[in-house]
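Asker: As a plain string of letters, each chain reads:
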Amino acid sequence: MATITSKPETLVGKRIRRREDPRLITGTATYLDDLKLPGMHHACVVRSPHAAARIKNINVKPALELPGVVAVFTGADVKEVGPVPCAAGLPGLRVPHHHILAQDRVYLVGHPVAVVVATDRYIAADAADLVEVDYQELPAVADPEKALAPGAPAVHPQWPDNVAFTFHQEGGDTAKAFQDAEVVVKQRITSQRLIPTAMETRGVVADWKAGEKSMTLWSSTQVPHLLRTLLAGMLGMPENRLRVITPEVGGAFGSKLNVYAEEALMAFISMRIGKPVKWVESRRENFLCTIHGRGHVDYFELAAMRDGTILGMKLKLIQDLGAFLQLLTPAIPTLSVLMMPGLYKFKNISADIVGAFTNCTPTDAYRGAGRPEATHGIERMVDILAAELKMDPAQIRLKNFVDNDAFPFVTATGLAYDSGNYALPLNTALAEVDYASLRREQQQARQQGKLMGVGISAYGEICAIGPSPATPAGGWESATVKIEPSGKVTVLTGTSPHGQGEETTFAQITADELGVDIDDVLVIHGDTSIVQYGIGTFGSRNTAIGGTALYYALQELKTKIKKFGAVLLDVDEVTLVGGVCVDEKSGRSVSFNQVAAAAYRALKLPPNTEPGLVATHFWEPPNFTFPFGAHIVVTDVDRETGQVSVRRYVAVDDCGKIINPLIVAGQVHGGVAQGLGQALWEQAVYADNGQLLSGELTDYALPRAHMMPWIESSHTITPSPVNPLGVKGVGEAGTIGCSPAVVNSVVDALSPLGVRHIDMPLTPEKIWKLIQEGRA
Amino acid sequence: MKRKISLTLNGKAVADEVEPRLLLIHYLREVASLTGPHIGCETSTCGACTVLLDGRAVKSCAMFTVQADGRQVLTIEGLAPNGKLDPLQEAFWNEHGLQCGFCTPGMILTARQLLNDNPSPTEEEIRKGLEGNLCRCTGYQHIINAVKAAAAKQGA
Amino acid sequence: MKVSGSYLITVAQQRAYELLQDPVVLGKAMPGCDTLERVGEHEYRMKMKMVMASISGLFDGKVRIADLQPHSSFRLIVEGSGKIGFMKGDGLLHLIPAEGGTNVQYEGNVEVGGTIAAVGQRLLDTTARMMIKRFFEKLSAEAAVSATSSPAAKI
Amino acid sequence: MIPQNFEYSAPATLQEALQLISGGECKVMAGGMSLIPLMKLRLAAPEHVVDLGRVPGLNSISESGGVVCIGATATHHDIESSPVIRGRVPLLAEAASHIGDVQVRNRGTLGGSIAHADPAADYPASLLALEAKVRLVSANSDRTVEAADFFLDPFTTAVESGEIVLEVLVPIEEPREGYRYEKVPHPASGFAVVGVAARIKKAGGKTTLARIGVTGTGPRAFRALAAEKLLESGADVATAAAAVAEGQETNADLYASAEYRRHLTRVWAARALTLALSRAS
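Line by line, the protein sequences give chains U, B, V and Z.
For the first sequence, position 344 matches number 345 in this note's numbering, and the numbering has no gaps at all.
For the second sequence, position 19 matches number 728 in this note's numbering, and the numbering has no gaps at all.
For the third sequence, position 14 matches number 69 in this note's numbering, and the numbering has no gaps at all.
For the fourth sequence, position 97 matches number 388 in this note's numbering, and the numbering has no gaps at all.
Be a bit skeptical, because a hint or two may be false.
Calculated cross-link-like contacts (lysine-lysine; reagent style DSS-like; alpha-carbon spacing at most 27 Å) [stated by the list, open to error]:
id: 1; chain 1: U; residue 1: 62; chain 2: V; residue 2: 57
id: 2; chain 1: Z; residue 1: 318; chain 2: V; residue 2: 138
id: 3; chain 1: Z; residue 1: 318; chain 2: V; residue 2: 188
id: 4; chain 1: U; residue 1: 57; chain 2: V; residue 2: 104
id: 5; chain 1: Z; residue 1: 493; chain 2: B; residue 2: 713
id: 6; chain 1: U; residue 1: 57; chain 2: U; residue 2: 80
id: 7; chain 1: V; residue 1: 188; chain 2: U; residue 2: 147
What the hints contain is simulated information worked out from the structure, not anything from laboratory work.
No experiment lies behind these values; they were computed from the predicted model shown.
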């Protein structure tokens, strides 16, 4: 047996190019719309053009007469199918029954009214046009504050006040904080409705095999297992006879963390017609029928002392829920409230949430899900306070940060911040931009009449969502590691990555722990028949929770490998180094492949040990993780036109330990792009009658290459004690840190004109008007 | 009424009968069974369906198949014949120029035209050259790095 | 979307008032109106074919006249819906005697929905104004015709 | 999104094309960049599409007698990269480079764009400033219309039933002329919120000729005649720019109100004029 002494190179922490990329750069990856099954039919959904209307009559006959059309279904056909589920529970929550097809009334533009099934997608589209629906239009309301006003049209007639829930959270003694305060600043701040716009729209293929009484359903989803459980419930089908497969998913950002009507509809249709059926969302449907994000109107009050010490905060939060509650809709604003303290040590907080129904698309988790709204609010309020006190915005933050020796720090909202060094990224960013000279430059610019701004945000976030008691459907994650007899390693993760790169980072972790070549590791996800139950991908949880589950499964396997190694070497104990079991005394060793083969050949088993090398671990995290960071943005505002240009973007993020710097940088860049999108361009605009006016990509502006600044991204590293990998999560950091930094920068630029706050998006016209008013 | 068309697809001659309304993207995906070109919008704004038509980037969702009759169409599948990656494909991989990958085939093909026209573009020229392709994942920065890297490699 | 404006019609107030409520004249003046058929007091069913460059669509609609204040004002409500969406115009028209005829001042609201609302936002305002302009131009032309053909209606 | 079915013709000669469309009920298509997205949304559903893309020579760009002739099916890319246009009417090349994106410029055509007459399209401003003419032909007519008489209303042009845009005739800019096309692009659609094309001739330090075309601001592209006169009579740029949108009906949408659009028109007119003046010698 060979003797090996060299220590293998570790992969964790290295820029490893992604293992998922070869199929993606060659166009051979299989996204949902690439699936083709024998006999597959195509469905096209007929949707309401009205935001509120009674359905007087539906005539499907002309559609049925079109050659190639096999069926048309309406609300009456699907009555028995369970409602689209809402998994979030709040005391007193009003949950409207959300049928998968409208019954006698529609509640939003895009509400599904009928489904046409045809042999070909072109015929299905033609037939959908032939379905005649007679509507009686009803008054609609599209704005949450208007919906809450007396006399507003009732979205759901049984609840004329349009209130889905109210929620109060309090910590410390806010009344006293406001009594003691020397200064109180107040501001109404909105976080506008956004449209997530994953580049791949949603899609579903359902294939019912009557003979086997089993269904295979492919869906572009973030949560295959949760989808299976909930869908089985909706359809009244045994969960073990429903297989959900997630093909390649073309982006999601929270919008595919849901259970949608079309998933149940396609399953239902496939059972009815006995053929596989496919539905792929059009972009217009995606804008109307896939969840939106944000939709806050927040009234903030901040109490402080004249020296800048923050004492407490009050918030009245109005959440625009839309017409129905999707999977997590009412839970999202509660996350905002949890995050209200930001990185600051004040302990007095009082928050009231009102969830308002509107005749609009439901809101739900979109990148950051409640945390960007909270961070935007607090980071704006800190700047408003700094302006009020004529303090430097960096200094006021440094003064109020939680102290380094205070961790785990328990906030007024009951969170226990795991670890932190909040001044570090801010000071790093300040140094990077050379803050003092930037301020001098700004002074000179102002003297020349130029509008230049420097904006800071110091953000914290809640990642690794989350401990099970804090999540609606379980917050643990699972991993199985199988070492095959030939020594090849297969990892089955319960997460469902779709661009985040876990096929690579999990392979890095596995290769390091087992000491095998990374090319010998295969990471599989997204098939409920292959992968043990898992929760899925959202809330920056993949690596921190899924990676930790994997880590522990690997530890179990390592123990077993060592047992087999000891048996093979006929010693009591071996060490596992670089995939080789070594008897330290004699120096004799046995290779990984030899151990793997022996474990399956099972000629000689270690005591109390089963054959095979498979380990599964379900890991329940003891806490969330709390990444943080500081973003600094330098902007120039064109005084004549109000146009904002971002001159510099510096992001210093701390997401704990980094498995793959290339992937982490990508997450930050992408997050910043979405934050910048919200700050400057994106906005779902509804007309008073509930029509979505920004209804296509020709009106809803996404950042394009030429609109983005260069992002200077770096990291500080404060490991999380919550998990053995020391990781925190980075998927949402860029988005959360970005928007307040941009708005703070532009408000700073306009502050000589007396501007104190601007709501997003910072459109040129809005800014131009402020400049005009400031001049007057 | 169906019409006969013939075109050169990824270097091979193909002939079919198609409805005039059949969009080129659907021809490529449904008839020719390719999976590289993707559909991301219906307003020809996202560029996920970009292919090269006679060497120039076009949005195949805003073209009827009959318009491509007699012409050369190159999709991402044809960019790496015999498995040898184009420098751009290699660079997108090395520089992490993609995450979910949905926009990637279109992005690479538009970048291919850009580098054909301008072998050493500046950052600004790259940004402008890619303005017809939306990516929701990367913030474009690694894409720009990839195009620069591919340009450098091609120039070397 | 709010719309307002005014247009001079070269007939006297009373005649202008009559013209504006004459279904034959309305039918000719409504852009794209194919048929206008009376279904009740001051209420008509309308079939329209809207054509604007490449965009075209058939609309089934209603025209209603309400709040009549002879000969000074009334409300005109026009609704139409079709495959590409729906539209609703609700306007108050004031007829004010003016030099050379009658000044028709209008003020109202235009609502649209469906595909045209979602993809045409950029052009809604421009298009609505163009439609209103065309309506008054046609009406004016009708007024001119009626003025020459009917001596009694002359100013 | 899937278009409704239609009959398709791809005539191989101009005569054949004109015969086909003389029948009326058909839609002429060149690149399809305007038409096809509308057809996919089913906002347009022509029963018969006549594709001019295969008429040979219809995309030619040539120069003769002080005029550059640009065939209707010349693409925006052809125009932005044509040595003739870059050399002789660089303002038009500049305008073409602002249209849509790379892919759209590869397919979209001059004739298709102007016949579609989107009130926010880029070409009309330059064609007006260049005092271009549009040649319209049908099976039994052949006429030439001034650009100023071509754009009538949103999506409405002087093209009559049975006619097509055959070519656009652009008088050559003198080498000493200054020119500039400035545009505020809509962040989502790329269309001009405001687009100003300016052309300036100077002699002895004085502006002897000013031509200003404006797109995006109003329901149709227009020439800013008052501002042109002001410049030609010695007014400064600011004064002329302030007069550009005066008296013009102004568009409004979610992105820019009428008031802001008027303001943008003034600002960008000043910027275009300043650059054009600096380029003139």
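Asker: It remains to establish, for every hint, whether it holds in the given structure.
Answerer: Here's how the hints hold up against the structure:
Distance check on the hinted pair: residue 62 of chain U and residue 57 of chain V sit about 39 Å apart at the alpha-carbon level, beyond 27 Å; violated. A hinted pair counts as satisfied when its Cα atoms are at most 27 Å apart, and residue 318 of chain Z with residue 138 of chain V qualifies at roughly 20 Å. A hinted pair counts as satisfied when its Cα atoms are at most 27 Å apart, and residue 318 of chain Z with residue 188 of chain V qualifies at roughly 26 Å. As the CA atoms of residue 57 of chain U and residue 104 of chain V are separated by approximately 25 Å, the hinted pair is consistent with the 27 Å bound.
For the hint linking residue 493 of chain Z to residue 713 of chain B, the alpha-carbon distance of about 57 Å lies beyond 27 Å, and the restraint is violated. Pair hint residue 57 of chain U plus residue 80 of chain U holds up; C-alpha atoms about 17 Å apart against a cutoff of 27 Å. Only pairs whose Cα atoms come within 27 Å are accepted, and residue 188 of chain V paired with residue 147 of chain U is rejected, the gap being roughly 34 Å.
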